[in-house]
Each structure stands twice: as structure tokens, then as C-alpha cells.
Amino acid sequence: MKRCTLLWVGLFAALASLTGCISGPDLKGQPFFTSPAEPRADEATVYFYRTSASIGSGVAPTIEVDGRAIGSLPSGSFFKAGIPAGKHSVTSTSPPIISGMVNQRFDITVENGKVYYIADQLSTSDYTDGRRFSGTMFYSRYALVPGEEALRSIKWCQELPAPAP
Amino acid sequence: MLGKVSSKRLVWVTGALCAALLSGCATSRYDGRHAPDPSKAIIMGSIGESFPMMQPHGLVVEIDQQGAPGTAIRLTTLGNEDDQPSPSLLGHYFMYEVPPGEYEYTQWHYVYYSGKSMPRPVPAVFSVKAGETLYIGDLRADALRFCLSNVNNAEDTVQALKRKYPMLKDRNIVNLTPKSGFAPWPSSDATDFGKGLCKI
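Chains as they are written, first to last, in the numbering used here: chain A, 1 to 165; chain B, 166 to 365.
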């Protein structure tokens, strides 16, 4: 086999295996969001969600709160996090192959006993409602979404499977 | 023997074979010109896409019979007649003769967009029995919200269907939309403009 062919085959195999790594956990069979859990009094309940999107559907950013990874967000998924009251730094980090394009960092201030919805959203036009933590050239954003609005979207999301022990 | 067949001919034969196999996967429409098969049901409704500012994008909706692979009903706006009077709406009234059983709306998309329908929290399923004639709803989508709805518009649509298919004139048509209808179903091209998906 020619060396050039071998290189192409190797590159293709590497890219194919990378796709599996960056798209995140498989959501097949996972339950859909139905209603928010009863919030605990000693922490804030924060739902991170991302509806299925054609753009970047194969990428699952990792969400960190105060430097600690708490989950990833494959396209069409959600997960719940309990966060103590106060101001927290949230970071969404995408795999290095696309870093710099969709990495985001923002702060949220939460109160115990309350429920919050943070949406990872994409749009083909700029957001104008002012509910933006940060923005990029692709009009992606993380937004603190009011409950009523979030429930219309998060119901299309499936719960992120629990990480293997 | 195969060595004597030219590669060009082999490609044509393979292509024809694939086309023949694929054509068997989709149920063809029923035009009502022959007597309905009493062992089957007739389902009918309409499909339409609105395009207020642009051109049609080719709405495709698929309905599968559960447990019977290869019996998909594929509804498409492009390549079919246009029964909609509005210049910004493309679609038609349809009628199919189908075996009794459970049917599910499995997916929808636009031909000229990359998005596909989101997985559904609750499957959109309806069942039909032999001999029944059923109105299953008006399927509507637009390329602003990128959501597909199946709404009850029986009063107008059934009349239009009777005009289009005279054999329906004296038949008892049951409105199945309480079971077959569904609320807006987004595709992965749907954008949340700050009011939740499927809201503008």
C-alpha cells in the first residue's frame, strides 16, 4: 500500500475516533425532561440544557462551575446541578479541535431553594433580548432563561446519563 | 460470465436494482379510482408548508407502520400537486390505503435544510382498523419556527378531500386528530428566540 494512502487512512481513522470522543455520551433511551425536581432548601437547583441543533451537533462542551467539571452537554441534552448560594464562575469548554470558537465563561448568582435554567443556544441571528452572558461570532450564548420559556424548550431534551463509577 | 459484462452496464443494472428495491419501501398514494380493499383502512389529510418570504424548502413527513418495516408513508410537498390556494403555501390533500395497525410519525425534515426532527418525548402514534376511513390531520410547517404541527381542520379539509376524491362523498369519515394530532414538533434547525422553541 502506498505511503500516501496509509496516511489518509490513518487520518480518516483518527478523525472518526475523535468524532466519537467529542460528541459526548449517547442519549438513546434516556428520559426526557418532564418537570423540575422539588428544589432543595440548602442549595440552588440549576438545569443546564441544550436543544438539538444542526450546528455543532457533534460537539459536547464540558461545563465547569468554579473550575470543577459538573457535566457535558451533548446536543439535545440536559442535566441538573445543585449549587450553593452565591456567585459562581461557569465555564463551557469545547474540545481543543474547535476551541476558541465556542468556549464561554460567565458568572451566575444563585439563591438557595430556587430553580434556574441555563440554556446553551445557537442562532443564525443575533440575540436582542439582553439575556446574554457572552457572545461569539456564531451568535451562540449561554442564557439564564425564565422558567416558563425554558420549559417550552427543555422538554425536548434528554437527561444526560450518569457518569460511569 | 461477469467478466464479459461491461462496468458501465453493471452500474446501470445496480442502479435500477436499487431503485426497484427502494420503491418498494414507500407506500404509494391511493387515488380512489378502484374500490377500496375492505381489509385495509383509508387515511387522509393534508400536508403544507408556508413560506411567507422565501421559496418552499420541501417538507417531508414520514409515517411508519409499527412492526412492519418497509411500509413507510412518505409525505412530501415538492414533486406533488399544489392544492393550496395561497401563493405562500405549498401542499396537497392526500389519501392512502393502509393495512390495519399502529402508525407513528417517525420524523420530518426539509429537503433544503440540514436539520432533522428532534426525538419526541412522547411518540405520535395512532391506530387504524380495517374498513375505517379516517381524517388524520393537517400537517403544517414553516421555515421560520422550523416546527411541524398536526392540527384539526376537519371541517374544511374533509370537504376539500371529498371534492378531490369523489369516492369519499358518501363515506363516513372519522376525525382521528384527537389521537393523531400533535403540538408543534421542532427540528434541529428550530431557534429559541427568547420565548422557547416553536414560539416567535
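Some clues are possibly wrong.
[Said to hold, decoys possible] Okay, derived cross-link-like pairs now, DSSO-like style, lysine-lysine, Cα gap no bigger than 30 Å in a straight line: (1) Lys-364(B) / Lys-281(B); (2) Lys-80(A) / Lys-360(B); (3) Lys-87(A) / Lys-114(A); (4) Lys-155(A) / Lys-281(B); (5) Lys-28(A) / Lys-205(B); (6) Lys-364(B) / Lys-344(B); (7) Lys-80(A) / Lys-364(B); (8) Lys-87(A) / Lys-360(B); (9) Lys-360(B) / Lys-114(A); (10) Lys-360(B) / Lys-294(B); (11) Lys-155(A) / Lys-344(B); (12) Lys-114(A) / Lys-155(A); (13) Lys-281(B) / Lys-80(A); (14) Lys-114(A) / Lys-80(A); (15) Lys-364(B) / Lys-28(A); (16) Lys-360(B) / Lys-281(B); (17) Lys-360(B) / Lys-205(B); (18) Lys-155(A) / Lys-28(A); (19) Lys-205(B) / Lys-329(B); (20) Lys-155(A) / Lys-80(A); (21) Lys-28(A) / Lys-173(B); (22) Lys-281(B) / Lys-344(B); (23) Lys-80(A) / Lys-28(A); (24) Lys-114(A) / Lys-364(B); (25) Lys-344(B) / Lys-28(A); (26) Lys-327(B) / Lys-364(B); (27) Lys-87(A) / Lys-155(A); (28) Lys-327(B) / Lys-344(B); (29) Lys-155(A) / Lys-360(B); (30) Lys-364(B) / Lys-155(A); (31) Lys-329(B) / Lys-344(B).
Just so you know, these hints were derived from the structure itself, not from any lab.
query: Does Lys-155(A) lie within 30 Å of Lys-364(B) when you go C-alpha to C-alpha?
result: holds, 14 Å
Pair hint Lys-155(A) and Lys-344(B), alpha-carbon separation not exceeding 30 Å: Holds: Lys-155(A) and Lys-344(B) sit about 20 Å apart, inside 30 Å.
Proposed proximity, Lys-360(B) with Lys-155(A) (alpha carbon, max 30 Å): holds, 14 Å
field: Straight-line alpha-carbon gap Lys-364(B) to Lys-281(B), limit 30 Å
entry: OK: Lys-364(B) and Lys-281(B) at ~18 Å, within 30 Å.
message: Check the hint pairing Lys-114(A) with Lys-155(A) against an upper bound of 30 Å on the C-alpha distance.
response: At roughly 19 Å apart (the allowed maximum being 30 Å), Lys-155(A) and Lys-114(A) satisfy the hint.
- request: Could you grab the alpha-carbon distance between Lys-155(A) and Lys-28(A) and see if it respects the 30 Å cut-off?
  value: holds, 16 Å
- prompt: For the pair supplied as a hint, Lys-344(B) and Lys-28(A), is the alpha-carbon distance within the 30 Å limit?
  reply: holds, 25 Å
message: Given the hinted pair Lys-281(B) and Lys-344(B), is their Cα-Cα distance within 30 Å?
response: holds, 23 Å
Restraint status (C-alpha distance of Lys-360(B) to Lys-114(A) at most 30 Å): OK: Lys-360(B) and Lys-114(A) at ~21 Å, within 30 Å.
query: Lys-360(B) and Lys-294(B): Cα distance at most 30 Å?
result: The given pair, whose Cα atoms are some 40 Å apart, is violated under the 30 Å limit.
30 Å Cα cutoff - pair Lys-80(A), Lys-364(B): holds, 25 Å
- prompt: Does Lys-327(B) pair with Lys-364(B) here, judged by a C-alpha cut-off of 30 Å?
  reply: violated, 34 Å
Checked against the numbered hints given earlier, this structure breaks hints 5, 10, 17, 21 and 26; the rest are met.
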